[in-house]
Amino acid sequence: MHRSFLLILLSLSSFVYTQEKIICTGTVKSNEDGETIIGAKIFLPELSIGAVTNQYGFYSISIPKGAHKIEFTATGKESMSKIVNFQADTTINIELMIPATDMKEVIVNAKKSENVTSANMGQMELQIAEIKKLPAFMGEVDPIKAIQMLPGVSSVSEGSQGFYVRGGGPDQNLVLLDDAVVYNASHLFGFFSVFNSDAVKSVNLTKGGMPANFGGRLSSVLEVNMIEGSKKDFHVRGGLGVISSRLEVDGPLKKDKGSFMISGRRTYVDLLMKAFIPKKSPFHGSSYYFYDLNFKANYQLSERDHIYLSGYFGKDEFKFGNKKDNFFVNMPWQNGLAVLKWTHLFGRKLFMDVVTTYTHYKFAFNTEQDEIQFKSSTSINDIGTKIGFSYFPNNSRHVIKFGVQYTYHIFNPSSISAKQDTVDFITGNSQNLYSHETGLYILDEWNITENFKINAGLRYSTFTHTGKFTRIIKGNISQPDSTIYYKPNQVVAFYHGLEPRLSMRYLLPDKSSLKAGFSYNYQYIHLASLSAVSMPTDIWHPSTDIAKPQKGWQAALGYFKNFLDDMLETSVEVYYKRMDNLIEFKEGSFPTDNINDNTDNLLVFGKGWSYGIEFFIKKTRGKFTGWIGYTLAKTDRKFNDLNEGKVFPAKYDRRHDLSLVANYDINKRWSIGGGFVFASGNTMTLPMSWYMQNQDLLFEYGERNSTRMAPYHRLDLSVTLYDKEFKEKRDPATGEMIQKKKRFRSNWVLSVYNVYSRSNPLFLYIDNEGSFEKGDFQVKVKQVSLFPIIPTITWNFEF
Amino acid sequence: MMKKTVSTIILFILIMISITSCSKEVKIDIPGYKEQLVVDGNITTGMPPIVILSKSKDIYSPTSLDAFLSGFVKDASVFVSDGTNEYPLTLLCSNDLPPGTEDLVAGFLGITPEQLSLYNVCAYTSLNSAIWGQVGKNYKLRIQHEGKEYTGSTALLTPVSLDSLWWKEDNKVPGFGYSYGRLTDNGGTWDAYNWEVKRINQINGKPIDSNFKAVFNSAFDDEFFNGKTFDFSYENPLNIDDKEIDKKERGFFKYGDTVVVKFSKIDKGTYDFLFSKMAQSMSNGNPFASPINVKTNLKGGCLGVWAGYSPIYDTLICN
Chain A
1 MHRSFLLILL SLSSFVYTQE KIICTGTVKS NEDGETIIGA KIFLPELSIG
51 AVTNQYGFYS ISIPKGAHKI EFTATGKESM SKIVNFQADT TINIELMIPA
101 TDMKEVIVNA KKSENVTSAN MGQMELQIAE IKKLPAFMGE VDPIKAIQML
151 PGVSSVSEGS QGFYVRGGGP DQNLVLLDDA VVYNASHLFG FFSVFNSDAV
201 KSVNLTKGGM PANFGGRLSS VLEVNMIEGS KKDFHVRGGL GVISSRLEVD
251 GPLKKDKGSF MISGRRTYVD LLMKAFIPKK SPFHGSSYYF YDLNFKANYQ
301 LSERDHIYLS GYFGKDEFKF GNKKDNFFVN MPWQNGLAVL KWTHLFGRKL
351 FMDVVTTYTH YKFAFNTEQD EIQFKSSTSI NDIGTKIGFS YFPNNSRHVI
401 KFGVQYTYHI FNPSSISAKQ DTVDFITGNS QNLYSHETGL YILDEWNITE
451 NFKINAGLRY STFTHTGKFT RIIKGNISQP DSTIYYKPNQ VVAFYHGLEP
501 RLSMRYLLPD KSSLKAGFSY NYQYIHLASL SAVSMPTDIW HPSTDIAKPQ
551 KGWQAALGYF KNFLDDMLET SVEVYYKRMD NLIEFKEGSF PTDNINDNTD
601 NLLVFGKGWS YGIEFFIKKT RGKFTGWIGY TLAKTDRKFN DLNEGKVFPA
651 KYDRRHDLSL VANYDINKRW SIGGGFVFAS GNTMTLPMSW YMQNQDLLFE
701 YGERNSTRMA PYHRLDLSVT LYDKEFKEKR DPATGEMIQK KKRFRSNWVL
751 SVYNVYSRSN PLFLYIDNEG SFEKGDFQVK VKQVSLFPII PTITWNFEF
Chain B
1 MMKKTVSTII LFILIMISIT SCSKEVKIDI PGYKEQLVVD GNITTGMPPI
51 VILSKSKDIY SPTSLDAFLS GFVKDASVFV SDGTNEYPLT LLCSNDLPPG
101 TEDLVAGFLG ITPEQLSLYN VCAYTSLNSA IWGQVGKNYK LRIQHEGKEY
151 TGSTALLTPV SLDSLWWKED NKVPGFGYSY GRLTDNGGTW DAYNWEVKRI
201 NQINGKPIDS NFKAVFNSAF DDEFFNGKTF DFSYENPLNI DDKEIDKKER
251 GFFKYGDTVV VKFSKIDKGT YDFLFSKMAQ SMSNGNPFAS PINVKTNLKG
301 GCLGVWAGYS PIYDTLICN
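Here the protein sequences line up with chains A and B, keeping their order.
Position one of the first sequence corresponds to residue 1 (our numbering), numbered consecutively onward.
Position one of the second sequence corresponds to residue 1 (our numbering), numbered consecutively onward.
Incorrect hints may appear among the rest.
Over the 10 Å line for every Cβ pair with chain A, so calculated as not near, a few chain B residues [said to hold, decoys possible]:
{"#": "1", "residue": "Pro31"}
{"#": "2", "residue": "Val38"}
{"#": "3", "residue": "Gly46"}
{"#": "4", "residue": "Glu86"}
{"#": "5", "residue": "Ala214"}
If you want the footprint, here are the derived chain B segments under chain A, 3+ residues with CB under 8 Å [claimed, not checked]:
{"#": "6", "segment": "158-170"}
{"#": "7", "segment": "200-212"}
{"#": "8", "segment": "291-298"}
Listed below are several chain B residues computed to face chain A (Cβ distance under 8 Å; list not exhaustive) [what the hints assert, rightly or not]:
{"#": "9", "residue": "Ser23"}
{"#": "10", "residue": "Lys24"}
{"#": "11", "residue": "Val26"}
{"#": "12", "residue": "Ile28"}
{"#": "13", "residue": "Asp29"}
{"#": "14", "residue": "Cys93"}
{"#": "15", "residue": "Ser153"}
{"#": "16", "residue": "Glu244"}
{"#": "17", "residue": "Ile245"}
{"#": "18", "residue": "Asp246"}
{"#": "19", "residue": "Gly269"}
{"#": "20", "residue": "Lys277"}
{"#": "21", "residue": "Gln280"}
Quick caveat, the hints were computed from the structure, so don't treat them as lab data.
What you are looking at is a predicted structure, and each value in this text was computed from that prediction instead of being measured.
Note that beta-carbon positions come from the ideal geometry of N, C-alpha and C, so glycine has one too.
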């Protein structure tokens, strides 16, 4: 049996090889603005072979000589097909049209049936148009909030940007904006993301079976791609919202050759505060704002070369002052990214992209009270380069990708200084941690047979922590602290590992598919969090001689089936995930413990695991669209130095997580959207008992995370009113009334967050009231909730 | 002081949270309660050892003085050793006190004579002055209760004097001010201190305060000023919650007050207990801190402390 299977395989491949082949390459773009289309499909129905455009809109496919029908399809575009007599290597660049509005039936979904046919598991893509239809918190359309509505993904806490994928921590997600790593993707205490929807083209989340070209994180990859701007004509887009306004301008640098996009957003709370806090008030000077700027430009140098430059800069500044108490706080934080890319096509089979990235992140906290000044900050600077190749061999059953990646990290986990008048406190020298991270990968997307497809890859990664570095060895009362000094570039610690990745799909006769995936990952940087809720004060920390890299593996199995001509996509996935060298702060750690010490001396290390089952149903077209995702999961942790070494649930261990997203287009002008989430409450550690010492009430905390907060549920709704698409105009030639498409378009969006004003738990605490002596003393558990019902209105426009 | 600043930051963040959020009481299951022995023991130079034993209570059980006082453990065997000899402590309850000793005992127990007369307070102590605190000695505590043994040890270190002590009138509240101290820390060694005060100006023929009271963050170590000369200020802990006086005067010493400062050198175990106790009261309800259990220096699975205080006493006249 086994032998005959091999024979069939061999004969199949020899059949394929015997035919003479040519290679057809090209790019697929949108006819409207010349923007390249990611994930457009190229398909030759007679031969049942096809290709998909990469993130630059490029494709390459080898085709047997002869006349064949070739089809191009992309989501939201009219598909196009032509018959071509392929006799020599050819280039076919295609621009797909946006269909006229009354021709909705011809709009195709290029991703149609892809969830069934692709070999990738746990990959989900959301188009920005889809995200914009969801109700938006405070009117700010937010790709991360949309991601949090997908199965297997949960939010950290109310309004937060952090997300957990399949029981992994918020630091285990690789968040990329145009290939540059974003460390803290949030604004304003995490309520808004740094991703301005005007500048975003699409978001793609891989929550399992990470392909080998990605690494450095255990749980997921979130790729956010910026729009490139129109290569045809100029556009302006914008919006006026309750808390912020935005403006985006894009247009050609040279028609059909290059384009640019620049987009900005700023909040105006500070202007309101300035107006409302009188000069005499002790709080005068308190303010908050954030802004962000996105920029992207691209230019086609030749048929084979294209360059891209993109950047992001965002800054938050929070100031609080109370003159009466002589107390001032200032909390700035900022993210900056720059990306330079060059793509080149060697011949017709080898596509190369070279990417250089720079990432900057800084958070500072400065206070002044009376004569005491206290300053603390944490920062990251990364410089990285990636060179990636995609090789399209003659045999169209393979796409081989390989490449190298390098990042130089400079972390400053904690820099603290304090002084009183002229006395400087001893807070130790702020230490930069220098490290080099490299990755080398190869992967093959291989259609073994019509029904059986695999994506197999191998990644080798290294991480080197180098000097200069001073390791502090904490002494005790009788023994003072000692140090070990490492010279610049001296190796402090070196780690490396092989990361095998495999995912496969088998098509069943009824057009459903079975998929399986396995991935092994190393993660060399950690997020250390002192708090029960995720905060910008969390510290990113690289692996050192003490903090070992996290490593983990995940295995998943799924069944995918579509119904009603792919209108309904459904899937069930089960997964098991194992994680080692997870970090936490020691029990009873205090922020000041960082002073005069290496942060990693305060850490403890442990392991974790999670498993679950995810159900997903999505209606992809029609007036009514949306999805239902449900996850049943469990995730635990075990640290020798925490909870007496006993297993405890992770703080975001959620047994049930349900999300419902729906959108209904009533007519061309009105559309309503809704989102509902239900999730088991997060866990917390609360005191199990109280006792007295010297007339003070003290608490004894029980087992870690043994208390579960009330479930989280919330309904959001939105209504969008679009202006009329056409205006009537009298034709001067004929005198007849004609309809003319308006260039200036606008819409109003009314969003209501938390419609039934549920008080969802953010955290719980123990409060005491009354007097001990009077006997009316009471200990109470109090729940803190953040947002009640919040209606907002936003006006958006474009021309 | 650094830690004061950190506490202010945390306070500030709490204020921020309270502005943007709302809170309500909830009933939620907190599993895992187990009853534990609570030891509140101390030894001070020139004073007898005092050990009060009680039990920890379920978080939802009534919290009142009655509940606490009914929970004294009276059936334990308690011993203190000075490294050479071990002495048994005897149980002394306020109901059985010889007349005239109430004020003295109240002072030892750190409560007012009124409280002592209202409730039957019980403590283990020794009237044998051989086991009263002496500088330079290490004291071991041993408790036997319900078949279990609990032990701990504390040292009475060489006390350190303050360079100076003064009072400074506050700019905004004339006639009121904070206490200030200047300290030269011993370089090269790890040192920790504890600050307690009482006012001794007479009212109706009696001092205002009968006992020393520790300020909120009374214990500090020399992490930030090892070997340096350093100024610091402390509020008045005795009237900070006094609702009978004007709000703006709370936490201040008044012009004319005579204040005795008990400035103790403490060992690591005592410091860790006192500091984590302060940290706990700051971290409870603070989502930015992880839960902090108060660190005990006792072994055997009980809660509490066996604290040693080696004080100098200094008098501050507020003028």
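Checklist entry - Of the hints stated earlier, which fail here? => result As far as the earlier hints go, 1, 2, 5, 6, 7, 14, 15, 16, 17, 18, 19 are violated by this structure, in ascending order.
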